[in-house]
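*Asks:* Protein chains in written order, with numbering that gives the first Met the number 0: chain A, 0 to 406; chain B, 0 to 188; chain C, 0 to 617; chain D, 0 to 166.
Treat the hints with care, since some could be wrong.
[Said to hold, decoys possible] Here are some, though not all, of the chain C residues that point toward chain D, as calculated from beta-carbon distances under 7 Å: (1) Arg401; (2) Gly524; (3) Arg525; (4) Phe526; (5) Ala527; (6) Ile547; (7) Thr561; (8) Glu562; (9) Trp566; (10) Arg568; (11) Gly569; (12) Ser572.
[To be verified] Keeping only pairs whose Cα atoms sit at most 20 Å apart, straight-line, the calculated DMTMM-like set for lysine to aspartate or glutamate is: (13) A:Lys380 x B:Asp100; (14) C:Lys303 x C:Glu612; (15) D:Lys44 x C:Glu559; (16) D:Lys136 x D:Glu159; (17) C:Lys415 x D:Glu159; (18) A:Lys85 x B:Asp135.
Hints were generated in silico from the structure; no laboratory data involved.
Note that the structure is a prediction, hence the values are computed from the model and not measured.
The beta carbon of each residue, even a glycine, is placed where N, CA and C say it ideally should be.
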Amino acid sequence: MPALSKASFLEHSHSSADPKLKNKRNDMRPENYEAQRQPPSNEYELNFGPNHPGIEGNYALKVKLHGDIVLEAKADGGYLHRGFEKLMEQRLWIQNIALVPRICVPDPSPMELCYSMAVEELCGLKVPQRAQWLRVMQLELSRIAAHLFTFGGHAATTGMYSTMYWGVADRDLLLDLFEEFTGGRVYSIYNIPGGVRRELPDGFLQRLTETLDYIESRLPDYDNLFFKNQVFVKRAKGTGVMSREQALEWGVTGPNLRATGLAFDVRRDDPYLVYDQLEFDIPVEESGDAWARTLVRRKELMESIRILRQVVEILPDIHGPIRAPIPNPLAWNVPAGETYTRVESSKGELCYYVVSNGGPKPYRVHVRGPSSMHAVQVLEKMSVGSRIEDIAQTMFSLDACPPEVDR
Amino acid sequence: MTQEVTHWLDNLLKEIEGIEVRRKSSRRVRVDVPADALPALLELLQGRAGYIHLSAISCVDWIDDDEFELVYHVWSYENHSLVSAHIRIAREPGVYLSVYDLYQPAGFFERDIHEMYGIQFEGSPNMEKFILTEWDGPPPMRKEFDSEAYINEHLSWQEYNPEWLQELVAEGGGVIIPPEEQRFSQKKK
Amino acid sequence: MSKPIDNAKQSKQNVTIEHEEAGSILSPLKALQFFMRKPVTVPLEPRPAADNYRGFHLNDHEKCIGCSSCQKVCDNAAITMVKVPHLPEDPINGIRNLRPAIDYGRCCWCALCVDICPTSAISLSREYVHTCTQEEIDSYFILPNETGIHGEYYGEGWQKTSDSDLLDLNRQPMAELEAEERIDNFNEIVAGYTDQQAVIEASRCVQCGMCHDACPTHMDAPEYIRSIWQGNLEEAVRWIYQSNPFSHVCGRVCTHRCEDACSIGRRGEPVSIRWLKRYAMDSVDHERIKQIAAEGKADYLSGKQIAIIGAGPAGLTAAYDLIRKGHQVTVFEARKEAGGMPRYGIPEYRLPYDMLDRDIDVITSMGVKIQTGIQVGKDITMTQLEADFDAVVLAIGLHLGRSTRVPGADHKQVRKAIDLLRRTTDDEDYEIPHRAVVIGGGNVAMDIARTLARQQQQQLGKVQVTVTALEDMAHFLADPVEIKECLEEGIEIYDARGPQACIIKNNKLVGLKTWKVRSIFDEQGRFAPKYDEQDEQIHAADMVIEAIGQMSDNNLLGDELTEILDWQRGRLSIDEQGRTSADWLWAAGDCVNGPDVVHAVADGHRVAASIDEWLNQQ
Amino acid sequence: MSEGHSSGYDRLKSKKSLAEILEVAIEFERTARDFYTDLIPKVSKQIRYLVEELAEEEQRHFDLFSELKNRPGLEQQVQTLVEIPASDKKFSDAIHLPELGDRPDDQSVLQYALGREHAAMEQYHALAQSTEDGPIKELFQFLANEETEHKNQLEKVYYETIHSGGV
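Extracted from the complex, chain A is given alone in its bound form:
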């Protein structure tokens, strides 16, 4: 295979339709990449990622710069592609519960739920009340853990590593809770079509309350260290601005949309589980910049804690089974049909389109990760005109999760 010598990736990527270049698939490899003399210009190209501390996950943004101003950006995914959607078509319905959480490492719980809800809908399974409350508990814990992780990452992009250490350390307390009630620290694999897999251990709600109190008591510290930190405020304000109109036009959801002033949250506007029985607010900000997006998440922490406190109060009064009876998973034919389930993950609207042809395995599972919007087209658009040092911050403020895009 001849090495591609003269074409930059930008030129090349436009030429994929050209049959002559069809086989030059290895042009991205370092061994095939020849140094070239740039035309006399102040423009240059930079591979931002896939291995860069400023990048969330293995992902790349290939940017064309003039000085330190981004002229053009191209998102480049695939580094985390594991073919989940294809794999799911080859696995039994139940086996996929172990697969789906891996699609989003920082916030795996909504993945489990969304898939389980789809199977339940196709099978007409009625999830017992108690399981629904336990699921809410899991989801909100996961949201807190994911946000703490994101703050840490975001802070690191502006050089504030202490916040990152704190965030990761405090998230660990939530992982302890996950370990206790789901059996897994990161991938809980707690949901199963029909309900959940485990009853709560004795005294769990007490420990949950203690952890919530602790996390809440830490928030002022975070505020001091990060959210009120003028370095952060000045860096984040006005960075990566997106108007509400743009957000809607670009299909942005979740905290990123709410940071433009639109109070839309799947939990409230397209409710699932028992969210319609819970009291919580939908924090919004108006300015639509990195600062607003981060602040929305900061406020959501409080809402999640609020929801969890309600769960702690109500759960002891919800009795009954935690799972609807399901067929032997080795011989489970899900009735033919299709469904589109939708939940609010920490990053936005997460949807699963699941099709069954009546067989023992899904016929098609389409994962619509929220980041597939804001980590590709939106990121590309928002990066243009920004400065090179803000790219990472923009990306983290969007909370782009590359595995959701790659699947």
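Based on the hints, put chains B, C and D in the right spot on chain A.
*Replies:* Using the frame of chain A, we list chains B, C and D on its own:
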């Protein structure tokens, strides 16, 4: 969604020829339309009913019917309802129109579907490879592509030979049902 | 796009962080307060994880039966089944010496293997870490035991709970006639599964194949169950005919060792394999079954002639196999009709004879000739058969009843169960006793007791049947269902009673004297009853029916042939293929193996294969 | 059968010497052995194994008892007089030829054999009971055990053959 809005939407959808509307729940509507009527439908939904959010485009390969199904999930922030518009297109040549002009998120989904299923969306801004940059095989999400067979052909299983296994083999035991046989084969008559 | 967005729902904010105002360049310095704090340190030594933790696999090798369900449910093909030769291997009891080995390069710790395990042998430990260098990569592949990956037991983490159990331990209930509906007739008691029940029941199967290993004829039960579950009943019948042309019969009266070996039965009720077979057979059109059975039949004639003595399951299975191979088969049957022990030993409420006729019809439709009413040894001699045929199969069943020969047992009102059952089938009249006492605790005893009970109800309007058996209830040889139904039908059962004498007064039978059995088995587990002579009972009777044992009528062989053949402890001596010491004579079925329909079918296959091989060599 | 046992009844007295008892015992085993040996060609081949086994077993007992009687050092003891038990008659009767007909079947043979073994077992058991502790008592106990053992074996064969079970 109120009763009124429901009626209004139903009436609106009747304007499209060959349309079939099924209300699956209070917030989910399934619409089947002929492929050529989809842009008009989306335009109608977006322009007159507030379905401004394209949540996703899903593709299903119905290989036995020799068709692809494309499903456009659109959400209305006003009605709080999600319409899934289903169309079928011929598997060959697998060409359809882009809806990028109506919905910008379509750019990503169409690119993804192009990469995974090989469907060409005319008018879509970017049909470049994104995820499978180094892949020159067939579009992998197509049903005829057997990824397990591909893996078995191109990659090998990790071989282990721990002491306990050597001891069992010396005793006359050892590996009887390797996992790949359990998974990939079924007893033949 | 400029839709007006309804923001009315935007809620009031209860969290206020006055960032711009309150925030100062000094705020982050507040974090310095932590500088003096004692750091949080976690000791390096290993600590056990939470109670539910999904750590490394633990496997109780005593409990594990090697069914490989864990392997099937494993997401990532991380489980390999390994043969451990020093562990027990017992197909009849559903135990294999296979154990799961785990590849931790593939395991994703989902614990579905734990949740599905039929025996609950697998659990996950509370251990966190295993790692190694590339050179030690073999340490990623382990055969879990009770101690865990490093041999240091950290306690069990994720275990099976009733919440997480993925198996359905309960059978689909079978609709049956109630005692009062069935007692005055011979209608079939068991209704059979409905379509829905069958699919649900079939879906309980984990496809471990223990049933296949335990079945004498090795039926492909996992495959036909799977086909039933998939709704492909013709495919199920096709699988069934791979190994059993007597499936209407076996679907009803098989001793179902498969179900005894079923791994679901370890903790719950085994899959109703027998009823599923029956369902598949009953659901497919008879003409279609004939076509399926004929698939693969040789389209040539070998020119070889085979005689089969006895048109029961063993003989006709052999006939079915042989005709498929292109040989010509003639079956000689002494009784009025073909069917053998199933027709003449099993009552119709258990096996409607038209179902038996269907099985036979499939076989005759393929070209097997059955000559009924021909008694070998009388109408035609063995010598003639030897001369006229290339091979002969002896499959004569066990049509002679044994007698206890206790004093008085030679009275004319002391009858043998097998004779009465035959008479019932052939509609030969005999006087129905007012009070019948049956000796025996096996299925034949139950069959005659229930047959007499029905006849009493029909003719006398009242059931008075007593069963006395040597065995105690816990060791009855009869199927537990038979005992239950006997009791429902008003039959009295006296267990652990040894017959001592038939009491005859004035030449009239008045009862049976029994002693209490203290123990029936000796230390080696052999049958050797010990009596308590003090505990004596007289069971009033005007007929005593002996249902203790059966033997085959080997007289038809003739003295000369009997002398030529080798014998083994009273039974015809045969090799592994079912061939006797005479090279032209094979023997199969109950007459060599003892009573069991499915065993007879297995035998039929075995001798047919042996004959075919031998004929091909010639 | 030989004439040896025709005078057997005469020897029944209230007391017998051990030598006499052993003699009757040996006679008992011998007649049985001869009886079974004679029967071998008469029965159908399919049950011949049973008669052959019985003949072998009786031969083994015959050898054992003969050896005992002639064992050096037992001369003193064999002269000891022993109280004979009530079961003696039944035992001695068993020396007589049974009526099994021309072609006995397995069940008749087994029933006959069981009867014999039972009589012998009772006889030796009773002898042991009526004898004072010592080597003679031990001898009778040994004989009783032998016969009990054999009877138990036969019983198992009987039940396994006749009560073929499970039908």
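*Asks:* Next, verify each hint and record whether it holds.
*Replies:* Now the hints, each set against the structure:
This hint holds: arginine 401 of chain C has a C-beta 5 Å from the nearest C-beta of chain D, less than the 7 Å allowed. Checking glycine 524 of chain C against chain D: minimum C-beta separation of about 10 Å lies over 7 Å; hint violated. Nearest Cβ of chain D to the Cβ of arginine 525 of chain C: about 5 Å, under the 7 Å cut. The hint holds. Using the Cβ-Cβ criterion of 7 Å, the hint placing phenylalanine 526 of chain C at the interface with chain D is satisfied: the shortest such distance is roughly 4 Å.
At its closest, the beta carbon of alanine 527 of chain C sits 5 Å from a beta carbon of chain D; the interface hint therefore holds under the 7 Å criterion. This hint holds: isoleucine 547 of chain C has a C-beta 5 Å from the nearest C-beta of chain D, less than the 7 Å allowed. Because the smallest distance between the Cβ of threonine 561 of chain C and any Cβ of chain D comes to about 5 Å, under 7 Å, the interface hint for this residue holds. Among the interface hints, the one on glutamate 562 of chain C holds; its C-beta lies about 5 Å from the nearest C-beta in chain D, closer than the 7 Å criterion.
Restraint check, tryptophan 566 of chain C versus chain D: the minimum CB separation of about 5 Å is within 7 Å; hint holds. Annotation: interface hint on arginine 568 of chain C holds; nearest CB of chain D at approximately 6 Å, less than 7 Å. Given hint, glycine 569 of chain C at the interface with chain D, holds; its Cβ is 6 Å from that chain's nearest Cβ, closer than 7 Å. Interface restraint check for serine 572 of chain C: the shortest CB-CB distance to chain D comes to about 10 Å, outside 7 Å, so the restraint is violated.
Distance hint between lysine 380 of chain A and aspartate 100 of chain B is fulfilled; the C-alpha atoms sit about 16 Å from each other, no more than 20 Å. With a C-alpha separation of about 12 Å, the suggested pair lysine 303 of chain C and glutamate 612 of chain C falls inside the 20 Å cut-off, and the hint holds. Distance restraint check for lysine 44 of chain D and glutamate 559 of chain C: the Cα-Cα separation of roughly 10 Å lies within the 20 Å cut-off, and the hinted pair is therefore satisfied. A threshold of 20 Å between alpha carbons decides the hint, and for lysine 136 of chain D with glutamate 159 of chain D the separation of about 34 Å lies outside it, so the pair is violated.
At roughly 18 Å between alpha-carbon atoms, lysine 415 of chain C and glutamate 159 of chain D fall within 20 Å of each other, so this suggested pair holds. This hinted pair checks out: lysine 85 of chain A and aspartate 135 of chain B have alpha carbons roughly 17 Å apart, not beyond 20 Å.
When held up to the earlier numbered hints, the structure conflicts with 2, 12 and 16 and fits the remainder.
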